[in-house]
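Q: In case you want the letters, here they are:
Number of protein chains: 4
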Amino acid sequence: MKVSIVGGSGYVAGELIRLVLFHPEVELHQVISTTYAGKPLWVPHPTLNSSSCLTFSPMEALEETDVLFMALPHGTFMKTFTQYESLSPRIIDLSADFRLASPQEYEKWYGISHCCPHLLDRFVYGIVELHREEIRNTQYISGAGCNATAVILAVNPLIEHTDPHFPVVVEAKCGSSEGGRAPWPGSHHPERSGCVRSYAPTGHRHTAEMVQELAHPVWFSATAVEMVRGVLITAHLKLKEHLTEKEVWNSYRTQYGEEPFIRLINRKSGIYRYPEPKLLAGTNFCDIGFSVEGDHLVVIAALDNLMKGAAGQAVHAMNVMCGFDERAGLEFGGLHPV
Amino acid sequence: MKVSIVGGSGYVAGELIRLVLFHPEVELHQVISTTYAGKPLWVPHPTLNSSSCLTFSPMEALEETDVLFMALPHGTFMKTFTQYESLSPRIIDLSADFRLASPQEYEKWYGISHCCPHLLDRFVYGIVELHREEIRNTQYISGAGCNATAVILAVNPLIEHTDPHFPVVVEAKCGSSEGGRAPWPGSHHPERSGCVRSYAPTGHRHTAEMVQELAHPVWFSATAVEMVRGVLITAHLKLKEHLTEKEVWNSYRTQYGEEPFIRLINRKSGIYRYPEPKLLAGTNFCDIGFSVEGDHLVVIAALDNLMKGAAGQAVHAMNVMCGFDERAGLEFGGLHPV
Amino acid sequence: MKVSIVGGSGYVAGELIRLVLFHPEVELHQVISTTYAGKPLWVPHPTLNSSSCLTFSPMEALEETDVLFMALPHGTFMKTFTQYESLSPRIIDLSADFRLASPQEYEKWYGISHCCPHLLDRFVYGIVELHREEIRNTQYISGAGCNATAVILAVNPLIEHTDPHFPVVVEAKCGSSEGGRAPWPGSHHPERSGCVRSYAPTGHRHTAEMVQELAHPVWFSATAVEMVRGVLITAHLKLKEHLTEKEVWNSYRTQYGEEPFIRLINRKSGIYRYPEPKLLAGTNFCDIGFSVEGDHLVVIAALDNLMKGAAGQAVHAMNVMCGFDERAGLEFGGLHPV
Amino acid sequence: MKVSIVGGSGYVAGELIRLVLFHPEVELHQVISTTYAGKPLWVPHPTLNSSSCLTFSPMEALEETDVLFMALPHGTFMKTFTQYESLSPRIIDLSADFRLASPQEYEKWYGISHCCPHLLDRFVYGIVELHREEIRNTQYISGAGCNATAVILAVNPLIEHTDPHFPVVVEAKCGSSEGGRAPWPGSHHPERSGCVRSYAPTGHRHTAEMVQELAHPVWFSATAVEMVRGVLITAHLKLKEHLTEKEVWNSYRTQYGEEPFIRLINRKSGIYRYPEPKLLAGTNFCDIGFSVEGDHLVVIAALDNLMKGAAGQAVHAMNVMCGFDERAGLEFGGLHPV
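These protein sequence lines map, in sequence, to chains A, B, C and D.
Numbering-wise, my numbering puts 88 at position 88 of the first sequence, and it's gapless, one number per residue.
Numbering-wise, my numbering puts 472 at position 134 of the second sequence, and it's gapless, one number per residue.
Numbering-wise, my numbering puts 785 at position 109 of the third sequence, and it's gapless, one number per residue.
Numbering-wise, my numbering puts 1269 at position 255 of the fourth sequence, and it's gapless, one number per residue.
Wrong hints could be hidden among the right ones.
As the list claims (entries may be wrong) - Residues of chain D clear of chain A, computed beta-carbon distances all greater than 12 Å: (1) Arg1104; (2) Glu1205; (3) Ala1214; (4) Arg1267.
Said to hold, decoys possible - Footprint (simulated), chain B over chain D, 3 or more residues, beta carbon under 8 Å: (5) 1060 to 1073; (6) 1286 to 1295; (7) 1340 to 1347.
Simulated from the structure, these hints should not be mistaken for laboratory data.
For glycine and all other residues, C-beta sits at the position ideal for the given N, C-alpha and C.
Just chain A, same shape as in the assembly (with noise of 0.2 Å):
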C-alpha cells in the first residue's frame, strides 16, 4: 500500500516517515512540502540521510495513495477536505480541526468557527484503546493531541470510580518538541535551557479533548521542562470510595490487559518505579503507573508525544484501520540510558 504525507518539514512529520520508512506493509509514495519543494527529505529531518533518496514533492504534486497523512498546521486542512477526499480513501489527519465533536467546543477553544461541522462525524478519535472498532471501520482518523492522549489513557480507566463533583486535576510535564519546529524567543536556547516554566496553567486546547473523551470535568496545567521529547502527567482523583493498589491494578488490566502499547510500571524498588519519559524517545508505548491512598488516587503517564502523542499513535490507527498487525512498525523498544 502506498503512502503519502502532506505538511512534510515538521517534527510529527518527520516520525511519520521514519516510521513509513521502515514499516513492513506500507511504502512512503510522497511527501509535499511547499517549504522544502525539491530537497532531499534530510534537510528538515537529518537522520534519514541514509533511509531515503526521496525529495519532497509540491503540493501541486499530490497523487492518488492508499493511505494519506495530513500533517499541516491547525485550521488548514478542514478548509481543504474536498481537494484531498478524491486522491485517498484512507485520511489521517494530525491537527486538531477533526478532534472535537462538537463545533461549538471547536469555536470556544480555537477561537474560529469550525468551517465544515458536517465532516466532524466522519472521523474518529484516533485513540485505539478507547475506539478500536470505530477506527477498524472508518475512512478517516483524526490523530489526538499529545497531552490529552497521555491523560486520557492514564485516567479512562478508572473515570468511574471518580468522584463525578472533584474535577480530575492533571498536572503535564512538557518537552520543547511539543513546540513545534518554528523559533521564537522562547524555544532561545539560553532562556528555555533548564526551565521549568509554567506555559498554561488552565486555558490548555488539549483539555478540551480530555472533557469529550473522559466525560468529566479536568483541571489541565502544563509546564515546559528541561526535555525535547516526552510527557509525564501527574493526575489526581478523589474516588467515590477508598480502593486497595489491587483494585486499581484490575481495573487497568481489565482495560488494558492485551493491549500492545500499554504498559502498567509500578515498582515497589529501583529507579525507574513510575513511568518515564526518557526511556520512551522513539517508542509507542504509554507507560501507566499509580498511588492510592484511600480515596485519593495519583496517576502517572509518560509517553513520547511526536509517537504515542502523534505520528506513532496515527500509525497505530493506519494498522488498524488498514488491517496490519497493530505493532507493524512501531517495535521499537527504546534506549538506556540516555
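Dock chains B, C and D against chain A, hints included.
A: Just chains B, C and D now, kept in the frame of chain A:
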C-alpha cells in the same frame, strides 16, 4: 556577632557558609564536620576557595557562639539538643526535627517517635512571612522544608477563600540538590539526567508541614526534573466563590506588599510570565504567580531550595531574630541568562 | 545461532542484549550476571521489559553457545580465558584485555602485567573498517575503546598525508555513560549535570590503541560534557602538503565509500553541518566531517559510545565473522529531534 | 561617578547593568536601547525587577557621563565614534571594532574594511592582566573576545617556553549565550539542547586576537555544548624543553601570583581537579589548570563568557582606569551545586 555551623559538609551548609561569609553583621566562627575536620572549607564546597581560609573543626572543638546553625541529618539534633543549648543563646535548626508541633504527626510522617516532645513548642517554624513576631522573640527556630515553604507561601494568602471540602492539589517539580550530597543509583548522571521522575506521588513528608501551616488538606505530589537547584510548585485551589484576577492580586498584595523576599510575577507577555526557578538560583526570593478562572485558581511559586528553601530562609530568620536589616546578606538578585 | 553474554548488567551489555533480541540471525541464549542471577533482564535494563522474559543466569550455569560476548570489567577475562574457550568457538571481548598487541604497552597503560601475552595475537582488533578480512577469519575479537574508535576511524584515511613530526592533537567531548554504571561522587547529578570537565587532559588509556592503529603519535585529551550517550572528537592534523577540500573528500571516499556505518557529513549550510552525537544515539554510525585550511586539517567524528563504540561494533564484527549481512540488527537510524 | 550603557538589551549589557547597579563606586545613569526605549530594564533582563526602576532611554536622549560602555553589534560603534567621544571622557567598547591593532587583520577576519584605522591605537585591549599600566592611562578600552580571553590568559605565561614551529592547538567548549539574544533555527531548543556541535573548526574570529596577543600561531576550534554560560578551553602546547609540574606552576605564579581574578586549579583528587565553568557562572574569575608530560603541556581554562569574557572584564578595566579597588563590584564567588 559570631556564627557557627554544625554539620558543615552538606549542600545547605555550603550555602550557609557562603551567606555568612558575605554577611555584613556576623562573622563565621566555626564550621563543624566530623568527615572533613582539619580540611579547608573548599574541599566539599569548591566555590569557597577564594572566600575563606577557614578549616573544618571536629565536633568536640565546638565553642560558644552567638548564633548556631544546625545542619545535621534528620533525627540527630533532637537527640543531642542539650549539648548545644549551653553553647549558644540562639539556635536555628535546618533538619525536620522541630518543624511539626505535634509529636503524633512527627511519628506518623518520620516513622520514629520524637525523643523530646517537650521542646517542640520552644521552636518557631522559620518562615518569617508567617511568623515574624514569634521569630523576633524566640531563641530557637526550625527551618521549614523547601517544598513546604513554596507551597505555604503561595497558598496561604488565598486559603481563606478556598473550599474546605476540597484539598489543595499541588505538584512540585524539583531539582536534584534536594536529594543531598550522597550519590546513589538514582542520582547517577546517566539515570538522573533529563529525567522527569515521579518520586513521591503521595506520602511526601513535607505535606505534614503544609497541613500544619495552612490548616487545610493538601494532596502533594513531587516530580524530579532536569535541574540542580530550584523548585516550581503548581497548586490548584477550588475557591468558595468566583474571584477576579484583581481580587487575587489584592489578597497577595495585602499579605505580602511589604515583604522583601516575595515577588508577584504575573505578566501578560514575554517569556517569563510566571515564576521561573532558574532565575532564582542563589537568591532568597519566592516568586509567586497565578491564573484564575471562576472558582478555579492555579498558583505557581518558585524558589531556590537551598536558599529560600533552606539556608537563605535561615539567614532571613536570623536577621529578624537578631534585629538586623532583613535583607542583610541576601541581596544577590540572580543571573540571566543561565 | 545461539548467543550468550557474560557480564550482563552493565550499560554496554544492555545494548548488546537489545541488539541480539532484535537481530534476525541469532537468538539470545543466556545472559550471565552474578549480581542479578534469577532476576529478569529488565531489572537493570528497564527498556527491555517488553522485549524479553529471560532472566539472568549465574556464572556456573553458562552453557555451550555459538557466539560468546564477554562484558566483564577490565582484567577479568584474560585471567579466565580457558574456562570460556571450550564453551564457544567464537568470543568477542568488550574489555581492554586484548586490545593492545604489545604486552609492554598493556602494562604501561593499565598498570598491571598481562597474564597471557601468548594469547594476544589470537585476538583481532574489532574495528571492521580496518580489519575486515582478519575478522572474517578469526575466532576471537577484541572490541575497541569508544574514543579510540572515533579517533581511528576519523584520522586513519588521512594519516599518510600527516606530518610525522607532528602529533595528531585530539580533544574528545564525552557523555556520562562512558563512566559505566556505578555511581560515585563525580557522577552525582548535582555535580555532573551541566559540567564541562577535563577528566583526562593527558594519559587516557585509549591513546595506546590510537597509536597502535594509526602508527602515529597522538596527543589526546578528554572532557566530560552534559550528555549521556555519545562522543564527539575534534582532531587537528598538520598535513605534509596543502590539500583541497576535494582531495580530503577523496581520501575518505576511497577508504570508506562502501562502508555501511561510516557517513561523511560536511554541509555548507543548515544546523547539522558536521557530525552531531545526539543524532546518533542508538545507531551504529560513525559520522565524519572536516575542515581544511592549507596544511591544517580539522577532523570531526561522532558516534554513540555504547553502540559503534562498543555493543554495535561488536555485533558488526559478529556479523562479519559469521557471514551475516553486515547491517543485520543494526538498522536503527536515530531520532530527531532529541 | 556616572555610568551609561549604549546598546542595553543584549545579554552582555544585562550583566553590565547588574554589575553597575551593585557597584559601590558608580551609579547607573542611563541605559540606551532603541528597541526598548521607555520600558523598564527588567523587560529584557528579568532578574533586574527588584534591583532597579530605571527605564531604557532612546539614543537621542544620551547625556554626558563619566564612563560610557558601548554594547552595540560589531561594526556599529566604529562608524559613530565621534558622536560619543564628546559625551564621555572614558569609553569601554564591548564589540570587536577596536580589538585588532591591524586594520589589515580586521578586514581579513571581519570581511569589511575598518572605517577609522587612525583610532585603533587609541584603544587598549582590555585584558587587565596583560595591559594594566596602559589601561590605567587610557581613555578608551576595547573589551576582548570571550574565547580569546580564556586562551590568552591560559597560554600567555607559558608562551616563551613553547616551540615556535608548533601552533598552539586549542579546542573551546562553549555555551549558548555566546551566540547572543536573537533566536535562529540553530538556537531552537529541540535542536540546540544536548548538542555537541562543531561550529567553527577553523576560521573563528577570536583567533586573530589570540595571535595578536600571544605572537604565536594558534589553531583554534570551537564546539557548542549543553551549557548557557561559560567556556572551557583545552590548549595543547609543544614545549621547547621538558618542564616539570613545579616549573609550570612557577610560570603561572610568577605572572599571576597577585592577580585577583586568576586562580590556579590543579588538584590531585576530588571532583573539581581542573577548572569547571559551571562553578564560575556570575563570577569574574578565570580558572586555570594544566597537565604536563615531558614536552607536552595541556592547559585548561574556564570562565563565564558574559563576565570575565565580557561585562566583568569591562568593569575590571573600568576599576583600573578609574583607580577603584580592582575587585569592586566583582566579589560574587559563584554557586555550588549548580
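Q: Please write out, lowest number first, the hints stated earlier that are contradicted by the structure.
A: 2
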